[in-house]
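Make the full structure from the sequences, and use the hints.
Chains A and B, in that order, give the protein sequences.
When the count follows the working numbering, it moves up by one through the first sequence with no breaks and lands on 65 for the last residue.
When the count follows the working numbering, it moves up by one through the second sequence with no breaks and lands on 466 for the last residue.
Simulated from the structure, these hints should not be mistaken for lab results.
Computed from a prediction, not measured in an experiment: that's the story for all the values here.
Note that beta-carbon positions come from the ideal geometry of N, C-alpha and C, so glycine has one too.
You may find that some hints are simply not true.
According to the in silico footprint, chain B covers these stretches of chain A (three or more CB under 8 Å from chain B) [as the list claims (entries may be wrong)]:
| # | region |
| --- | --- |
| 1 | 11 to 18 |
| 2 | 30 to 38 |
| 3 | 50 to 56 |
As a plain string of letters, each chain reads:
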Amino acid sequence: MEREITLDNLRTTAQRAGLELSDDELQRLLPGVIRAKKQAGELRALVSLDTEPAGMFNASRVTRK
Amino acid sequence: MQQSDLCFLTIAEASRGLRRKEYSPIELTNACLERIGDFDGKLHCFITLTTDLAIKQAKQAEHELRSGQDRGSLHGIPIALKDLYMTNGIRTTCHSAVLANWLPDYDATTVTKLQDAGAILLGKLGMHEFAFGGPSVDAPFPAVRNPWNTAHIPGGSSSGSGASLAAGLCYGSLGSDTGGSIRTPSSHCGVVGIKPTYGRVSRYGVVPLSWSLDHAGPMARSVEDCAILLQIIAGYDPNDPASANVAVPNFRLGLNDGIKGLRIGVPRANWFDENLGVHPQTEGVFNQALETLEELGATLVEIDGNPFSLARKANQTILVCEAYAYHEKRFQEAPEKFGGSVRRRMLEGAFLSAADYIAAQRVRSVLNAQICQSFSLVDILATPSAPRPPDPFEGMDPNEQNLRPSFTNPFNLTGLPAISVPCGFTDGNLPAGLQFVAPPFEEATAFRVAYAYEQATEWHKQRPTL
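Dropping the structure here:
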């Protein structure tokens with residue numbers, strides 16, 4: 001289950017990512033991040049366990065250049 | 001011929017006139033430069049004008065054409081580029097303070113192809129910052145205005161391409177499209193734009209927004225002109241890892257073949273009513289366009305729109321993750337250089353996980369199969385290009401795009417070719433676009449259907465009053 005996204009854990013995640021963002025900026029980001037995380041969570045329901053991602057690595061393409 | 005008549009010729013018409021010696025490349029170029037001087041002060045289409053280069057290229061084209069060295073339909077035709085196409089020694093800003101004075105040291109493959117075809121470069125065009133977010137109101141360059149009503153947005157992110165074509169400031173342009181950035185400004189400005197199949201046109205030297213969703217493509221004032229431009233820029237490029245080694249057909253060959261008996265899929269159910277749904281005026285214009293298509297002999301087939309509706313979530317997740325990954329170092333070092341709109345949206349990518357991104361790529365596999373399955377029932381799909389008329393700048397809701405269906409981004413997710421063609425006007429004389437989506441690498445089919453519709457209507461001949 002996804003944990004709730006708060007200003008505090010947004011701040012922690014930003015710091016881990018090397019981002020220095022003010023609380024004002026984090027507050028502005030919060031609704032968008034909540035929406036984006038919710039959306040990404042909903043995607044899980046659309047695939048079965050055996051579905052592979054699009055754009056899988058293809059070794060034959062490495063020699064194309 | 002008056003300046004406005006000269007500047008509103010199509011590429012095909014101008015090309016014929018050049019060969020009949022009715023005017024010269026220098027006259028075409030000077031007419032555009034004069035018109036840019038007259039009107040760009042209120043439209044803000046151009047970030048950088050390349051006047052000296054344009055005149056030099058025009059003189060060269062004139063000399064070559066006079067001496068029988070004909071490079072084809074684009075020879076001697078003035079064009080302009082969205083300012084994310086890298087141009088050797090010419091400022092390429094992406095409409096951002098981050099790259100405000102950047103001079104690339106090589107040309108994009110598409111730029112080289114246009115130069116080899118004898119096109120004349122007038123300059124670099126305004127856009128949404130880094131092709132993302134909304135109109136760039138806090139960037140170092142002013143936001144582009146819609147020539148049909150400067151209080152309204154021109155659509156983005158290829159805003160300058162759409163607006164400059166509508167205003168007669170150039171004859172053709174290249175845009176880029178990651179979620180609708182060619183088709184939306186084409187729709188809002190009343191011009192034609194095609195997002196080709198993923199891999200059809202090289203992205204080498206086009207500043208990325210999202211590698212797996214980015215498409216380069218042409219915009220112009222007619223379907224035929226888009227076909228001319230795509231013919232020149234399409235083809236395999238070993239410098240682009242996503243480039244497809246697929247034969248390029250003659251895109252103009254079947255333009256006159258008509259659409260009698262063609263099955264057109266309309267994925268209305270479970271999509272057009274998403275959230276606030278399609279704006280009623282937009283849907284009204286779209287329904288009238290469908291009637292015209294039926295009169296031309298096509299058969300309409302209503303199909304399930306659910307997979308198309310689901311595509312937005314996957315598209316947005318992939319887009320913000322890839323965009324943030326590309327700009328991560330810049331956000332760590334100087335986030336203040338980004339404008340507010342692009343910063344707010346791109347930074348979402350910093351808070352999504354690897355598993356989120358991969359979930360979106362797995363959904364992409366599923367939806368790609370479901371959407372492509374539509375082509376077992378129909379030959380082509382039709383939708384509005386944009387879900388609503390162009391908003392006014394004032395009071396614009398940045399979340400509006402999430403409140404209505406996106407008719408464009410499912411085809412970035414699936415890589416399918418999609419063209420927008422003018423199909424009427426909503427209140428206030430604001431243009432609307434009709435989108436056709438074809439199976440992979442069947443741009444010729446999209447051109448054929450769009451051309452049949454265009455020739456049966458007068459919308460593409462309307463001009464804004466400036």
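**Item:** Within 8 Å of chain B's CB atoms, at least three CB atoms from the region 11 to 18 of chain A: coverage verdict
**Value:** holds (count 4)
Practice problem: Check whether three or more residues of the region 30 to 38 of chain A sit with their beta carbon closer than 8 Å to a beta carbon of chain B. | Solution: With 5 residues in contact (Cβ-Cβ under 8 Å with chain B), the coverage given for the region 30 to 38 of chain A holds.
Within the region 50 to 56 of chain A, is the number of residues with a Cβ closer than 8 Å to a Cβ of chain B three or more? holds (count 5)
Of the hints listed earlier, there is not a single one the structure fails to meet.
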